[in-house]
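**Q** Protein chains in written order, with this note's numbering: chain Y, 1 to 151; chain H, 1 to 151; chain A, 1 to 151; chain F, 1 to 151.
Hints listed in this document are in silico derivations from the structure and should not be mistaken for laboratory results. Do not rely on the hints blindly, as some may be mistaken.
Just so you know, same-sequence chains aren't split out, so a pair can sit in one copy or run between any two.
Stated by the list, open to error - Listed next, the in silico DSSO-like pairs over lysine-lysine satisfying Cα-Cα at most 27 Å (straight line):
| hint | residue 1 | residue 2 |
| --- | --- | --- |
| 1 | K3 | K32 |
| 2 | K129 | K117 |
| 3 | K117 | K68 |
| 4 | K69 | K117 |
| 5 | K32 | K120 |
| 6 | K120 | K3 |
| 7 | K129 | K68 |
| 8 | K32 | K117 |
| 9 | K129 | K3 |
None of the values given here were measured: they were computed from a predicted structure.
Number of protein chains: 4
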Amino acid sequence: MEKPCYVGMIGAGTCSDAHYNIARTLGFEIGKRGWYVVCGGLGGVMEGAAKGCTEAGSITVGLLPGLKKESANPYIRVPVPTGLGEGRNLLVVSASDVVVAIGGGYGTLSEIGLALKAGKPVIGLETWKDIEGIEYVSDCDEALMMIGRLL
Amino acid sequence: MEKPCYVGMIGAGTCSDAHYNIARTLGFEIGKRGWYVVCGGLGGVMEGAAKGCTEAGSITVGLLPGLKKESANPYIRVPVPTGLGEGRNLLVVSASDVVVAIGGGYGTLSEIGLALKAGKPVIGLETWKDIEGIEYVSDCDEALMMIGRLL
Amino acid sequence: MEKPCYVGMIGAGTCSDAHYNIARTLGFEIGKRGWYVVCGGLGGVMEGAAKGCTEAGSITVGLLPGLKKESANPYIRVPVPTGLGEGRNLLVVSASDVVVAIGGGYGTLSEIGLALKAGKPVIGLETWKDIEGIEYVSDCDEALMMIGRLL
Amino acid sequence: MEKPCYVGMIGAGTCSDAHYNIARTLGFEIGKRGWYVVCGGLGGVMEGAAKGCTEAGSITVGLLPGLKKESANPYIRVPVPTGLGEGRNLLVVSASDVVVAIGGGYGTLSEIGLALKAGKPVIGLETWKDIEGIEYVSDCDEALMMIGRLL
Chain Y
1 MEKPCYVGMI GAGTCSDAHY NIARTLGFEI GKRGWYVVCG GLGGVMEGAA
51 KGCTEAGSIT VGLLPGLKKE SANPYIRVPV PTGLGEGRNL LVVSASDVVV
101 AIGGGYGTLS EIGLALKAGK PVIGLETWKD IEGIEYVSDC DEALMMIGRL
151 L
Chain H
1 MEKPCYVGMI GAGTCSDAHY NIARTLGFEI GKRGWYVVCG GLGGVMEGAA
51 KGCTEAGSIT VGLLPGLKKE SANPYIRVPV PTGLGEGRNL LVVSASDVVV
101 AIGGGYGTLS EIGLALKAGK PVIGLETWKD IEGIEYVSDC DEALMMIGRL
151 L
Chain A
1 MEKPCYVGMI GAGTCSDAHY NIARTLGFEI GKRGWYVVCG GLGGVMEGAA
51 KGCTEAGSIT VGLLPGLKKE SANPYIRVPV PTGLGEGRNL LVVSASDVVV
101 AIGGGYGTLS EIGLALKAGK PVIGLETWKD IEGIEYVSDC DEALMMIGRL
151 L
Chain F
1 MEKPCYVGMI GAGTCSDAHY NIARTLGFEI GKRGWYVVCG GLGGVMEGAA
51 KGCTEAGSIT VGLLPGLKKE SANPYIRVPV PTGLGEGRNL LVVSASDVVV
101 AIGGGYGTLS EIGLALKAGK PVIGLETWKD IEGIEYVSDC DEALMMIGRL
151 L
């Protein structure tokens, strides 16, 4: 089986409609290309991205902080309960070929740090500013082009 | 999306043909029922189980010790590189609703301990003997019936 | 600073007085030799071993499942809250140069498996039976001699 | 045994003499107060802090990314090999009562994110700028006063 490309979608578990919709649109385009969405499995940006990717018929993987599959959002096809708490952030990063950060708080910041430390490309959209190493983009189209270039 | 049942398939990364075939047959029956196989993603029993489950059209999740998706066996549809080494054994157990141990060495023994500690049902087939709490079965059919009863 | 030898002391968090006393005596002898006791930091065998080692003036390290230092038993000089739950079992094993299992349940079984998998020597005293690779001893003196031989 | 206060000292594994000396001075003051230094156990800021704390006669804990105690810097009294790679960053944060970041790169950024996410106080000295939640200080004395206030 050919190994699929994994796009890590990171961002806050509670987010604005604007960020949710960006995540969903990106998730859809990712899914259309046969790539998978990997994320933390909860709400907000993670849910938007998973929803879009599922609508496009591809697979979504949710690496959950807790031990219950049921805590995943409804669009996660492969929930992976880890019981590691925020330790699952490292797993999201380790599994991803490229990471897209949309908005986000401290958990997202930790994932950005872990991804850059691991040498993974990080694309940022309205997220933590002025972090050297992030490829900042300003909308969905730019993000998608950047993913294509970096994969 | 309805959350699928996960059957954790554990056993040695190098195994006899007999164990490989048992794992494959079980994996196929698991897949036919729409359940997923979760495993450590490498060879031997993990590969047999993944092969069967894939042949039945269901999803296989491989929680890998290393950081490379490419280290998964060819029948893993969702490889999850963890970089946790043997620490991924706990993840296999945490993600599983029921665990089936076929043969196996020390890694399998650690997974049996972790599963029983977490209160997960463990089915054993020609594996570590005389461990209270394991539901021992003697062939594939018995294992399948036991999975059905325990899920 | 010369790196000290670490003896991993594993066993149930609730144990008989007999096992507690064996653990304490062993912990004392370990501490007298300037070695450290590493354990899961909670009660039972872990507490007995830590108490003895502290009484001998050496250092005790408790790798705790939760996030609170206060959950450590009173004889742990260096509590390390991990938040990893049973995932901390692997850390106990990884930190140890040799592991002594006294009695114990499923958590101990998982640690035995992880230790043997990692190639660490495991000494067993009234613990899980018939596990190839464990050096079984029948009392405190034998355990101590075996530790000395294996370090 | 009264549980000691843990100051997490984070920063790059290779650093300027200026940062090394700040870390060492801070480590010394921390040790003088009977507090422990917790860190990643390697060089640079981690070594400076451990050196100072050891010189003051207190205990230093190094949560190492790898599996060898010998990889710790010479001033780590309690090396804890974890084998978790960058996953040990979360352990440093989880064990700390307060975190001091001096300079630092992406690993430090991930620790800052994890600490703030966990609600731990973070003191920053010439480190990642403009992160809401960090208590920025400009020298050793200010850092020490801030530690005292936050513990």
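**Q** Hints numbered earlier in the text: which of these fail when held up against the supplied structure?
**A** Of the numbered hints, 7, 8 and 9 do not hold.
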